[in-house]
Amino acid sequence: MHFTSIIVKNLRRRKMRTALTCAGIGLSVAAVVVLTGAAQTFEDSFNDLYEQRGADLVVQRAGGHTQLSSGVSEKLGDRIKQLPMVKDAVGSLMDLVSFPDNNMFAVIVNGWPPDSPVLQRVEVQLGNGRRLQAGDRRSVMLGSQLAANLRKKAGDHLEMYSQTYEVVGVFDSFNRLETGAVWMLLDELQQTIDRRGQVTGYVVKLSRVGDPDSMQAATRQIEALDPHIKVTPAREFVHNIRQINITRGGGWVLSVIAVVIGAIGVLNAMLMAVFERTREIGALRALGWRKSRVVWLLVGESLAQTVVGGLLGIVAGALLLKLLAHLPTTSNLLDGRLPPRVVWQAMVVALVAGILGAIYPAIYAVRLRPVEALRR
Amino acid sequence: MNQPATHSAASPRSASAAVLLRAERISRTYNDGDVCALRDISLELRENEYLAIMGPSGSGKSTLLNLLGALDRPDAGEIYFRDQPLSKLADLDSFRAHTIGFVFQSFYLLPTLTAEENVQIPMFETRLSASQRQSRARELLNRVGMSHRLKHLPNKLSVGERQRVTIARALANQPRIILADEPTGNLDSQSGNDVLELFDKLQRELGVTLVVITHSAEVAARAGRIVTIRDGQLV
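Protein chains in written order, with our numbering: chain X, 1 to 376; chain Y, 1001 to 1235.
Here chain X stands alone, though its shape is the one from the complex:
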């Protein structure tokens, strides 16, 4: 018989209590997985988008409250492109719209200049329309995911900003943020949301990739063009997107709450176990078991429950993320992946809850002198 067999047998002794404790931990962990998973997936999608485009720097107005509210002149793009270290600078205006009838909120709208390389290179679905062209009016392209959710195809019409737009094409992309977006021409979006002459920002590609010195030098050169702009490395920019930060912060707060709730659940279960088994613990001590071995027995029982609960929670959270990726409301933002980092965070939550929940029962158990424990 191994030591772990004693742990397993003790847990199987009170099957319902063990199952409820695992379920409590599992629910907490699932909540952590969904919220932090969503934030992480969102951030990963942005990073992926910028990496695939080869974006090194992001140019925005300095001190903007959120990235969306920031605006810089659309004329700045040509001046950035003329800098020697810059290979390309692509500007776009960004906004969010909702389609309440389809339960879709915070859908990204991008306005691109007709000559933007992004627009020029986008892959239009075969037999599903064309790209936006200069001179198009009341025209949009839809990402394939959004088109599927809205049940729209080329030639259909779409109500947006209290106006009717024609869907001229449906495009595919490697990235969920794009397949869930609406694209229109920059000047039309500027006019519609009254941001004439502005773009939300520029994505800058440098001639020398991955060189920190040229990145710093280019940052200084671009910032010298306009005292009101701020240049940020693309990865840092994504990390600081307010919406992601709020979700990430919510994930951390929820993780702490999950640890506390989980620890209370484990504490309750373990205390009951210790109270019920006081004589047994006394007998183990009388038979020579060291205090540390009794502590390991109780911590082992606690950890076993939290590991099982944690794994169940991760599976449940992963399934929920998959489900969210298929719901119209969230499918334009989430792709259903479960980032490995989230799995680790969830397991840490479960293990910390297990250890915290076992501390007091273990201390209580080993503080009892064997002779007292046997008398109870």
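Just so you know, these hints were derived from the structure itself, not from any lab. Glycine residues also receive a C-beta, built at the ideal position from the N, C-alpha and C atoms. Take the hints with a grain of salt, since some may be wrong.
[Claimed, not checked] Covered stretches of chain X, as calculated for chain Y (at least 3 residues, CB under 8 Å):
| hint | stretch |
| --- | --- |
| 1 | 284 to 297 |
| 2 | 359 to 373 |
[Said to hold, decoys possible] For lysine-lysine, the following BS3-like pairs were computed, each having C-alpha atoms within a straight-line distance of at most 25 Å:
| hint | chain 1 | residue 1 | chain 2 | residue 2 |
| --- | --- | --- | --- | --- |
| 3 | Y | K1088 | X | K291 |
| 4 | X | K87 | X | K230 |
| 5 | Y | K1088 | X | K9 |
| 6 | X | K205 | X | K230 |
| 7 | X | K205 | X | K75 |
| 8 | X | K205 | X | K9 |
| 9 | Y | K1151 | X | K15 |
| 10 | Y | K1156 | X | K9 |
| 11 | Y | K1088 | X | K15 |
| 12 | X | K81 | X | K205 |
[Claimed, not checked] Partial chain X-side listing against chain Y, Cβ under 7 Å, derived:
| hint | residue |
| --- | --- |
| 13 | H2 |
| 14 | V8 |
| 15 | K9 |
| 16 | E280 |
Following the hints, put chain Y in place on chain X, whose structure we already have.
For chain Y alone, kept in the frame of chain X given last:
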């Protein structure tokens, strides 16, 4: 102060044997001294001795057994194992694990473990591997006549069988001393007799020192030496 009588008269077989455990003027009180369970007791226990401690309920028998078994510490006095004071031992757990075997009236078998698993419990404090523990547990259960009940849980065993498993468990780490607290107290007369015969056999074959707490004169009669305790004092 009068010197208390030291109860050192041993059975003929162990009279010349070395002193294994020696209690020297030990006392134990409870409730901040309000209740005096043991008062100034001195007692010697020799190698291979079979000692019965008799006395009525509440006389202090179990308190004395707990002190001799290092489950508790005296308020005054000292207990020596081979002239080494127990109060100076840093690790009483290890002392109990390797030197003392306990047989309890209420058995204290773990209900989720089979007979052979229960016998392995004290062996976790040794360096034996899992397979060695299992093999030794089987050997011990065979010795106490329980080889046909290895895989049975305690609730599937008769009370007599449970006490045999407890005895096998007490022998797990080849202790020098076995302390049995009312070992037949929960048994019918036939099972009780079987257990006492088993004690006789084990003590004879293994040469362990055996201390049995009992209030039964019949049980005590099997011991080589009997001491009686009343109101916390040896009489």
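In ascending order, which of the hints set out earlier in this document are inconsistent with the structure? 5, 8, 11 and 14
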